[in-house]
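Whenever a hint applies, use it, and build me the whole structure from the sequences.
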Amino acid sequence: MESSVLELSEVSFHWPGRAKFTLSLREFALERGETVLLLGESGSGKSTLLSLICGTILPNRGTIRIAGKDITRLSGGARDRFRAENIGVIFQQFNLLPFGTVADNILLPLQFAPGRRKRAGNAKAAAAGLCSDLGLPKDVFTAKANTLSVGQQQRVAVARALIGHPHLIIADEPTSALDANSQAAFLDLLFQQTSAHETALLMVSHDPRLAERFDRVVRMEEIAQIERAVA
Amino acid sequence: MILRLAIASLSARALTVGMTVLAIALSVALYLGVEKVRTGAKASFTDTISGTDLIVGARSGSVQLLLYSVFRIGNATNNVTWDSYQEIAGHPAAEWIVPISLGDSHRQFRVMGTTKDFFEHYKYRKGQPLEMSDGVIMDDLFDAVIGADVAKSLGYTVDSPIVVAHGLASFVEHKDQPFRVSGILAKTGTPVDRTVIVSLEAMEAIHVDWKTGARTPGQSTPADVIRKMDLTPKTVTAALVGVDSPLRTFALQRYVNEYPKEPLLAILPGVALQELWGIVGIAETALLAVSAMVVVTALIGMMATIFSSLNERRREMAIFRAMGARPVTILGLLVIEATMIATAGAGLGLGLLYCGLVVAQPIVDSAFGIWLDIDAPTLREAVVILAVVGAGVIVSLVPAIRAYRMSVADGMMVKT
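Order-wise, the sequence lines are chains A and B. Position 118, counted from 1, in the first sequence is what the numbering used here calls 118; the numbers after and before it change by one each time, with no gaps. Position 106, counted from 1, in the second sequence is what the numbering used here calls 106; the numbers after and before it change by one each time, with no gaps.
To be clear, the hints were calculated from the coordinates, so they are not data collected in a lab. Glycine included, C-beta positions come from ideal geometry on N, C-alpha and C. Among the hints, erroneous ones may be present.
Stated by the list, open to error - Taking CB as the label site, the calculated pair distances span:
(1) B/4 <-> A/179: 30 to 36 angstroms
(2) A/22 <-> B/409: 14 to 20 angstroms
(3) A/142 <-> B/347: 28 to 34 angstroms
(4) A/125 <-> B/4: 18 to 24 angstroms
(5) B/300 <-> A/60: 40 to 46 angstroms
(6) B/286 <-> A/78: 52 to 58 angstroms
(7) B/409 <-> A/41: 22 to 28 angstroms
(8) A/142 <-> B/308: 27 to 33 angstroms
(9) B/308 <-> A/135: 37 to 43 angstroms
(10) B/375 <-> A/78: 49 to 55 angstroms
Next up, the structure:
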């Protein structure tokens with residue numbers, strides 16, 4: 001059985017038709033249940049790397065394995081489905097559909113992932129359980145997402161990423177919209193959940209102060225080379 | 001759940017969506033309204049005369065005969081002799097016959113000489129008979145019954161005097177033989193509204209002193225002398241004929257058309273009316289085309305609304321994509337949205353139409369004599385509504401395909 005949740009090798013990617021920007025990456029892997037902080041300044045190719053891992057863009061070369069499956073060999077639709085089944089995504093902010101209820105938002109990925117829905121069991125109960133684990137008040141469940149505070153919204157986003165226990169959580173600077181106290185509380189909750197389910201976490205940030213809480217810290221420039229040709 | 005989210009997304013943009021729905025609703029109501037008026041006008045037009053099986057007149061064209069005998073437009077080229085009239089009346093297939101004598105006018109309205117049978121046999125709008133709104137059918141030689149429009153525009157009431165002018169646009173008047181209004185007909189929406197009806201004998205009476213189209217100078221026969229004269233006409237302009245059995249209509253028509261003593265023409269009013277509508281109906285078709293364009297405009301408006309919402313919804317689409325939605329799902333979401341807008345618009349439009357009809361039906365009937373039926377949507381209207389929804393879906397594909405492209409390019413990474 002594969003122990004790596006995520007495995008990239010010899011990946012190379014350049015945006016088509018744009019001022020030359022090439023990202024090449026020799027080797028990068030995440031073990032099961034491992035938490036990794038990926039540090040990088042803006043423009044270091046973080047977003048491109050996350051898009052590659054999520055399968056919304058395809059590398060020109062190389063393999064990207066998630067839970068043992070090479071997603072570069074999948075069709076576009078199958079990659080979307082695979083992402084829904086296996087990856088939980090947390091954005092920097094504005095994570096939620098503002099017009100949907102909290103429940104709608106948490107259950108949304110299950111809509112595109114039948115397997116994950118099955119794993120979640122009673123989806124509504126699972127969502128409610130996650131909410132209470134994450135310290136969200138009970139009545140928030142049926143509230144519209146845009147009535148919540150930013151901190152609450154981020155916690156709902158965590159619940160959505162965790163529901164149905166995907167193998168990997170991708171978090172793109174999820175704490176940058178929070179103040180220092182909330183950041184710490186947020187990370188506590190996040191680690192609690194990932195360790196409880198042995199979920200791997202790849203968190204991207206430009207803030208090195210968060211480093212001590214992760215199993216491993218990787219700098220973007222250590223794993224990937226960016227080539228830029230100013231046109 | 002996706003459907004529920006689409007509805008939630010729409011209701012979060014209630015104002016712009018509402019405006020779009022309203023625009024579509026108004027255009028659909030307008031289109032269906034024009035369609036209603038068109039069919040109503042056509043029905044009222046083709047129902048101008050009903051219950052009459054044949055119209056007989058001197059030989060000319062069928063539309064021409066219809067125009068002067070029923071619509072009182074234009075003139076007869078020739079008359080039908082009283083002998084021929086009597087012979088047709090005596091034909092075994094003829095159940096009833098009503099003579100019509102035209103040629104004089106009162107102000108801008110035509111004067112028609114006929115018999116009392118006219119009030120019994122002239123039917124309009126699916127066999128509705130003429131009704132008096134005031135007074136009675138003419139009884140005396142110098143009595144006249146006037147149509148609703150005549151009464152209204154000239155301000156006549158029962159007992160008002162009327163002087164008939166000779167010819168149509170003439171200053172020569174039959175001053176010696178003034179008429180009296182004995183009754184006023186209720187509004188029918190037919191040319192009867194614009195007609196002064198007198199007896200056939202009265203038509204003769206006012207021409208007693210006239211020879212070859214001009215008054216004989218110095219001669220004026222007193223009314224009481226005229227009353228004693230034989231006022232049987234020598235000719236009539238046309239005749240409405242009822243047939244005892246529909247099967248014999250064509251037999252009688254052939255008999256009239258092949259009448260050996262003078263060239264006559266018998267027409268089926270329904271056929272001639274359809275023929276005439278083919279000419280008149282073009283204006284309505286143009287109106288319909290214009291309102292169809294209004295519908296198209298509203299749909300393009302919807303497309304513009306969806307287009308302009310795309311940029312602000314990039315975030316929403318990125319979230320859907322990150323959760324595993326395929327670009328096709330994004331496309332479908334926008335199409336579903338447009339379908340709901342178009343359906344709501346079409347439904348609301350239908351509602352507006354019926355509200356409008358309830359309000360407008362009596363007004364339009366009394367003002368224009370057009371009867372607008374209020375009944376369940378016809379198949380044709382259902383097709384129109386489906387076409388609007390269908391067109392909405394097709395039109396929405398343009399922004400939806402753009403959203404598809406955007407979501408492929410953006411993936412889940414949108415910097416806000």
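Going down the list of hints, with the structure as the test:
Against the hinted window of 30 to 36 angstroms, the Cβ-Cβ separation of residue 4 of chain B and residue 179 of chain A comes to about 34 angstroms, which satisfies the hint. Separated by about 18 angstroms at the C-beta atoms, residue 22 of chain A and residue 409 of chain B satisfy the suggested range of 14 to 20 angstroms. The hint said 28 to 34 angstroms for the Cβ distance between residue 142 of chain A and residue 347 of chain B, and at roughly 29 angstroms that hint holds. Taking the beta carbon of each, residue 125 of chain A and residue 4 of chain B are about 19 angstroms apart, inside 18 to 24 angstroms as hinted.
Range check, residue 300 of chain B to residue 60 of chain A: Cβ separation about 41 angstroms, and the 40 to 46 angstroms hint holds. The supplied range of 52 to 58 angstroms is met by residue 286 of chain B and residue 78 of chain A, whose beta-carbon atoms lie about 55 angstroms from each other. Distance hint for residue 409 of chain B and residue 41 of chain A: a CB-CB separation of about 24 angstroms, consistent with the stated range 22 to 28 angstroms. Between residue 142 of chain A and residue 308 of chain B the C-beta distance comes to about 31 angstroms, which sits within the given range of 27 to 33 angstroms.
At about 40 angstroms, the CB distance of residue 308 of chain B to residue 135 of chain A agrees with the hint of 37 to 43 angstroms. Checking the proposed 49 to 55 angstroms range against residue 375 of chain B and residue 78 of chain A shows it holds: the Cβ atoms sit about 54 angstroms from each other.
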